[in-house]
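2 protein chains.
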Amino acid sequence: LIDHDSIMSKMESKRKKDISAFFEPRAVAVFGSLKDGGPGYGAIKNMLDFGFAGNIYPVNPSQGEVLGLTAHYSLAEVTGPVDLAMVIIPPAAVPGVIEQCAQKGIKAVIIGTEGFAEASEDGAALQQQVVNIAHLSGLHIIGPNTIGVLNTANGLATVPYHVGYKNFLKGGIAYCGQTGLISAHSHPMGPRAYPLSKLCDFGNKCDVDEVDLLNYLSDDPETKVIVMELEDVKDGRNFVTTARRAVAKKPVLVFKPGRSQAGAKAAASHTSSLAGDDRIYEAAFKQAGILRANNWQEFWEIPRVFASQALPRGNRTAILSISGGGGIVAADTAVEAGLAIATFTDSTVRKLAKLSPRLGNNPVDYGPLTTLVDDPVAITEEIISLVLSDEAVDCGVLTIYGGVEGTAEMLCRVKQNTPKPITVWLFGPVPSVTEELYYRLASQGLATYLDLETSIKALGIAVAYSRIKSGFVHEMT
Amino acid sequence: LIDHDSIMSKMESKRKKDISAFFEPRAVAVFGSLKDGGPGYGAIKNMLDFGFAGNIYPVNPSQGEVLGLTAHYSLAEVTGPVDLAMVIIPPAAVPGVIEQCAQKGIKAVIIGTEGFAEASEDGAALQQQVVNIAHLSGLHIIGPNTIGVLNTANGLATVPYHVGYKNFLKGGIAYCGQTGLISAHSHPMGPRAYPLSKLCDFGNKCDVDEVDLLNYLSDDPETKVIVMELEDVKDGRNFVTTARRAVAKKPVLVFKPGRSQAGAKAAASHTSSLAGDDRIYEAAFKQAGILRANNWQEFWEIPRVFASQALPRGNRTAILSISGGGGIVAADTAVEAGLAIATFTDSTVRKLAKLSPRLGNNPVDYGPLTTLVDDPVAITEEIISLVLSDEAVDCGVLTIYGGVEGTAEMLCRVKQNTPKPITVWLFGPVPSVTEELYYRLASQGLATYLDLETSIKALGIAVAYSRIKSGFVHEMT
Numbered sequence: 001l002i003d004h005d006s007i008m009s010k011m012e013s014k015r016k017k018d019i020s021a022f023f024e025p026r027a028v029a030v031f032g033s034l035k036d037g038g039p040g041y042g043a044i045k046n047m048l049d050f051g052f053a054g055n056i057y058p059v060n061p062s063q064g065e066v067l068g069l070t071a072h073y074s075l076a077e078v079t080g081p082v083d084l085a086m087v088i089i090p091p092a093a094v095p096g097v098i099e100q101c102a103q104k105g106i107k108a109v110i111i112g113t114e115g116f117a118e119a120s121e122d123g124a125a126l127q128q129q130v131v132n133i134a135h136l137s138g139l140h141i142i143g144p145n146t147i148g149v150l151n152t153a154n155g156l157a158t159v160p161y162h163v164g165y166k167n168f169l170k171g172g173i174a175y176c177g178q179t180g181l182i183s184a185h186s187h188p189m190g191p192r193a194y195p196l197s198k199l200c201d202f203g204n205k206c207d208v209d210e211v212d213l214l215n216y217l218s219d220d221p222e223t224k225v226i227v228m229e230l231e232d233v234k235d236g237r238n239f240v241t242t243a244r245r246a247v248a249k250k251p252v253l254v255f256k257p258g259r260s261q262a263g264a265k266a267a268a269s270h271t272s273s274l275a276g277d278d279r280i281y282e283a284a285f286k287q288a289g290i291l292r293a294n295n296w297q298e299f300w301e302i303p304r305v306f307a308s309q310a311l312p313r314g315n316r317t318a319i320l321s322i323s324g325g326g327g328i329v330a331a332d333t334a335v336e337a338g339l340a341i342a343t344f345t346d347s348t349v350r351k352l353a354k355l356s357p358r359l360g361n362n363p364v365d366y367g368p369l370t371t372l373v374d375d376p377v378a379i380t381e382e383i384i385s386l387v388l389s390d391e392a393v394d395c396g397v398l399t400i401y402g403g404v405e406g407t408a409e410m411l412c413r414v415k416q417n418t419p420k421p422i423t424v425w426l427f428g429p430v431p432s433v434t435e436e437l438y439y440r441l442a443s444q445g446l447a448t449y450l451d452l453e454t455s456i457k458a459l460g461i462a463v464a465y466s467r468i469k470s471g472f473v474h475e476m477t
Numbered sequence: 001l002i003d004h005d006s007i008m009s010k011m012e013s014k015r016k017k018d019i020s021a022f023f024e025p026r027a028v029a030v031f032g033s034l035k036d037g038g039p040g041y042g043a044i045k046n047m048l049d050f051g052f053a054g055n056i057y058p059v060n061p062s063q064g065e066v067l068g069l070t071a072h073y074s075l076a077e078v079t080g081p082v083d084l085a086m087v088i089i090p091p092a093a094v095p096g097v098i099e100q101c102a103q104k105g106i107k108a109v110i111i112g113t114e115g116f117a118e119a120s121e122d123g124a125a126l127q128q129q130v131v132n133i134a135h136l137s138g139l140h141i142i143g144p145n146t147i148g149v150l151n152t153a154n155g156l157a158t159v160p161y162h163v164g165y166k167n168f169l170k171g172g173i174a175y176c177g178q179t180g181l182i183s184a185h186s187h188p189m190g191p192r193a194y195p196l197s198k199l200c201d202f203g204n205k206c207d208v209d210e211v212d213l214l215n216y217l218s219d220d221p222e223t224k225v226i227v228m229e230l231e232d233v234k235d236g237r238n239f240v241t242t243a244r245r246a247v248a249k250k251p252v253l254v255f256k257p258g259r260s261q262a263g264a265k266a267a268a269s270h271t272s273s274l275a276g277d278d279r280i281y282e283a284a285f286k287q288a289g290i291l292r293a294n295n296w297q298e299f300w301e302i303p304r305v306f307a308s309q310a311l312p313r314g315n316r317t318a319i320l321s322i323s324g325g326g327g328i329v330a331a332d333t334a335v336e337a338g339l340a341i342a343t344f345t346d347s348t349v350r351k352l353a354k355l356s357p358r359l360g361n362n363p364v365d366y367g368p369l370t371t372l373v374d375d376p377v378a379i380t381e382e383i384i385s386l387v388l389s390d391e392a393v394d395c396g397v398l399t400i401y402g403g404v405e406g407t408a409e410m411l412c413r414v415k416q417n418t419p420k421p422i423t424v425w426l427f428g429p430v431p432s433v434t435e436e437l438y439y440r441l442a443s444q445g446l447a448t449y450l451d452l453e454t455s456i457k458a459l460g461i462a463v464a465y466s467r468i469k470s471g472f473v474h475e476m477t
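First to last, the sequence lines map onto chains W and X.
The first sequence begins at 1 in my numbering and counts up one residue at a time.
The second sequence begins at 1 in my numbering and counts up one residue at a time.
Keep in mind the hints are simulated off the structure, nothing from the lab.
Pairs involving identical chains hold if they fit within one copy or between any two copies, as the list cannot separate such chains.
In silico DSBU-like pairs for lysine-lysine, Cα to Cα no more than 35 angstroms straight-line: (1) LYS286 with LYS265; (2) LYS166 with LYS104; (3) LYS35 with LYS354; (4) LYS354 with LYS234; (5) LYS265 with LYS351; (6) LYS17 with LYS286; (7) LYS250 with LYS224; (8) LYS35 with LYS351; (9) LYS354 with LYS265; (10) LYS265 with LYS415; (11) LYS17 with LYS234; (12) LYS170 with LYS17; (13) LYS224 with LYS234; (14) LYS265 with LYS420; (15) LYS249 with LYS224; (16) LYS17 with LYS104; (17) LYS249 with LYS16.
Please work from the sequences and hints to get the whole structure.
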């Protein structure tokens, strides 16, 4: 395959779609019920909440008023340019609306509605009819059966259910998938400060698919890491070639449901996906240098490690734990995640031992010392800084108790003062207090976790990507 | 080993310790700094917060006043009976206090202080000195290096740090371990409504250990499931025999850190544990019928499945998901957890298909239907009830969106109306809203989860225990 890369690349560029209108439209037309609670209403309310930078045109024969906007009878009545349409109307009415969109010169249509290829043979035929119209008129479709897209840079959000929060943290993670579980109304992306660039639910993938998103997102300067939940891959060879090129630029992390026979069967009736043998996917992902998430928690949380810090230069890890028991679990998990427990230089060991006789080991259990000093935060900072500046340490895991004044500021200083990647596990007795500190740290770019083991697996994945990337670069020179 | 059970049992009963005073003392003496923030202050404040049913005697030469209680100069000044002492003073002063306790006739002493066998050779010698005093006087010790015990039945809590919340859900889970991470000040046991009976941090296990707790908790009527984090097991043969007897009565779930060489080394300097080869532990756990948790999340969350429902009669599982994508992941996880995807009876399939043509499969994706009806909660209840009453279904997994009015009441009715075990995965966009619903459901005895995969693994563990238990019963008859 590697030998064929240049040929593949030419073939590929021929079919490369321009899908930028899905994420950067000047204006959006919304087709769907404008009643409070209706899908058109929901999408418009979200875009107003998120401060969408372009025009929003509700289109509805009712010509009613919605959230201060007057609905247009049809798309033809809209005078300004429209680049994107969000369509959430009964399936039978969809082809007619796509025709309207084509006539208006729209290049990007999201079909939110369910009831197409995933539902029945009639639905599959209807989906094919829609695809034919799209091909003839040169427009592209995301869906059907999708909540669409989100772009934190311009406040675009097509999700047809009211999300209930208004703030996102703009950042480097792009999440894609084939389920509404990845939408802003299902997951606390805003309240948990996910550093988000873009989001795309492929739905049934009748046109735009994972290959198109890999192409687009690997060129997107705002996206630092691409994350995908994939029930199937439509064109394996193309996917591997495109993913390899993306991986040379930025990490690609994939979660692949439908591994079991029962899961694959369920995928077929969810988005008409043909999941296939997981071993084939495993081999393809490996060839492409794709990182794999094993569950939803890893899908959501691991990407944070890439969002706002450098890659580790090696796998020698320092474990700095306020809990001795936590240090042991961290050590086990680190080894299982491909990390090495760093052996500190003599100078570091001496300095640590001078602070307290039992500190010179890795994991460093600094908990007992904090109970003996007047300023536990200062001593914690001193220990963390000392260890992270050791030349024999490539990266660090911190376990932090969430209830101590000054902890957030201290951790932000630690991050500013080291070029080495770190992850932080936060714990404490009161969820609301922990959540608040978590938000502060996450919004300052610290890779913060509410689960100890995931904080360490994330560092392991960062090391794995660091190796894959240098291998790819080596291969190309 | 099985052949030797009766002999072992006799040997075992000889050394069986009465440790009930650690959990059911008439009065507690607290040795430790009474300054605000000091360990004595913290332990007393917690017991006052939790409404400890017995007397609390601070003992401190300062004879100061603390939280309305006057400190006694020494234990000899206390006139009433005292069954338990919590000792959190510098190591060198500990032997003298243990002598005082022995003279007062106290049978149970918790040594919270660090700096014993885990710290140095001198510390190990001091620990041995304390053990010798205990043996001579017939008192028992938990620790050193521990946050002690908790009993939700009487409000006893020896943790020397102020916890910050006042309410526990009394229930069937007993957590034990060798780290402060299992204490009420580290984990949101109250705010997350863990159905808790008792808690014990063994610390260095100089006297009371996992075997003593297995004996005590297997006879404790309030405890329905025993959960242990173990860095090592001191007496393997005794442990296996005792655990087998416990497992015949109730599930025992063990999380074993120190699996890796690095983890084992860290365990040695944490609680002086000798972790040893994990394969030996694996074999011993299997022989004893012990269930294994693979990480902290499983340690904390899986036990809920046992707290307030019957065991599954088989592994035929119904997956009822508001999200199609969630259903696929649930199916994969179920298969990997040893569950079978139930094949519904024809009657159920017909009734489901009548509600909506695509409902007749397992996983049941009821999400699309809820968007088409006036009362989504009522239709959800109808579908769940129909499926759970199918004779071909042994247990069920529900994925529930947390933002819909009436959901909590509906799920409580579902639980009341079925004898079959169910687990619930809750998700939603706003953590505070999700937490609130979670609390309501958990405090009504629903096995509720904030992580999809864990909700399914928990059912798998319930099925595994059901099989182990019937195997043991079969073996005994």
